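If you're matching positions, the sequence shown starts at 1 in UniProt numbering and goes up one per residue.
Quick caveat, the hints were computed from the structure, so don't treat them as lab data. Just to be clear, a hint being listed does not mean it is correct.
What the hints assert, rightly or not - DSS-like mimics (lysine-lysine), calculated; alpha carbons at most 30 Å apart, straight line:
no., residue 1, residue 2
1, K100, K51
2, K100, K183
3, K100, K125
4, K207, K125
5, K100, K72
6, K222, K183
7, K63, K45
8, K125, K45
9, K72, K51
10, K207, K222
11, K45, K72
What the hints assert, rightly or not - Cβ-Cβ distance ranges computed for the label pairs, FRET-style:
no., residue 1, residue 2, range
12, A210, I81, 20 to 30 Å
13, T118, R143, 21 to 31 Å
14, Q213, R143, 17 to 27 Å
15, Q213, L44, 41 to 51 Å
Just so we're clear, the structure is a prediction, and the values are computed from it rather than from any experiment. Glycine included, each C-beta is placed from N, C-alpha and C at the ideal position.
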Amino acid sequence: MNKVKDGEDRLMAHLTAPRPGLSHIRVGIEDDKASGLMLSGVQLKEIDFFKNNELNTIFESLKSSEYFTQLKRDIAQDGIINALIALPDGQLIEGHSRLKIAQELGFSTVPVRFILNTLSAHEIKRRVYLGNLNRFEIPSDLRLILFAEIYPDYFYASAKELDQSHRQSDVLALERDKPTTAKAVAAAMGLSDRQVRNEKEIFLLAKEIAGHQHPTLSEISKARELLRQKKGAKRLLKRKKALHLVNEEGDKILTLHVNSWPSELDIEQILEMNYQFMRDKFLHVEKKRD
1 MNKVKDGEDR LMAHLTAPRP GLSHIRVGIE DDKASGLMLS GVQLKEIDFF
51 KNNELNTIFE SLKSSEYFTQ LKRDIAQDGI INALIALPDG QLIEGHSRLK
101 IAQELGFSTV PVRFILNTLS AHEIKRRVYL GNLNRFEIPS DLRLILFAEI
151 YPDYFYASAK ELDQSHRQSD VLALERDKPT TAKAVAAAMG LSDRQVRNEK
201 EIFLLAKEIA GHQHPTLSEI SKARELLRQK KGAKRLLKRK KALHLVNEEG
251 DKILTLHVNS WPSELDIEQI LEMNYQFMRD KFLHVEKKRD
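Full structure from sequences and hints, please.
See below:
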């Protein structure tokens, strides 16, 4: 019995020991502030204790054979270094692929940390999605659809609706009741605020193309291309918004970059500017003659 206990202790020491490029894992209850979770320390649990989460199914087909081959090679060599994350009832939140490989390799136990918070069904879904979305490469259009599923209050709301919800949030007492911001989504997606707003613009256009239903991949792709063309045309138009004044010989004597042309700039202003320019040029020539 002591030998078994000693073996478990040595394995735990191995699992929690500092490694190059990895943070030391403290044994015991700790707060994972980055994800807002209260997690238990690392424990060893039998493999058959865990239950696969059906929410993870959609991600399995997206993982390449190379991904699994490399993961299997790493686990066979070093074991499972990063503990699985699960609910106390054994429902997996993070680590589905690691558990699958451990089963294939014949492991009897795996390291796990349990979530001690009470999570809603939506929060469980969000954790499972984020655990996959941030772990391996996923096509941008599908990635946008999946993020919209876990942040619907941000992606489905129009700019006006989002602004109203943020103003209403000022009087809300609970932090969890506050609407999701672009900054929060940017942190989750690993993008800048500007990039997230661009993704939201794509999603809302795709939703419009879909008749205000949940957009498909093809509709997201179409919206992305339409916005790309629109912004390209806008940049081209901006470059063209320049007025060239020429002399009788056709030489360019003045270029005006008029971003508001032609609706907000009066022709009289242009003529006056031309007059001032030509007068100053004439006076300069006369001075040189003197």
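Hints versus structure:
no. : hint                      : in the structure
1   : K100 <-> K51              : 11 Å, holds
2   : K100 <-> K183             : 35 Å, violated
3   : K100 <-> K125             : 20 Å, holds
4   : K207 <-> K125             : 22 Å, holds
5   : K100 <-> K72              : 9 Å, holds
6   : K222 <-> K183             : 26 Å, holds
7   : K63 <-> K45               : 26 Å, holds
8   : K125 <-> K45              : 23 Å, holds
9   : K72 <-> K51               : 20 Å, holds
10  : K207 <-> K222             : 11 Å, holds
11  : K45 <-> K72               : 20 Å, holds
12  : A210 <-> I81: 20 to 30 Å  : 43 Å, violated
13  : T118 <-> R143: 21 to 31 Å : 29 Å, holds
14  : Q213 <-> R143: 17 to 27 Å : 20 Å, holds
15  : Q213 <-> L44: 41 to 51 Å  : 47 Å, holds
The structure is inconsistent with the numbered hints 2 and 12, although it conforms to all the rest.
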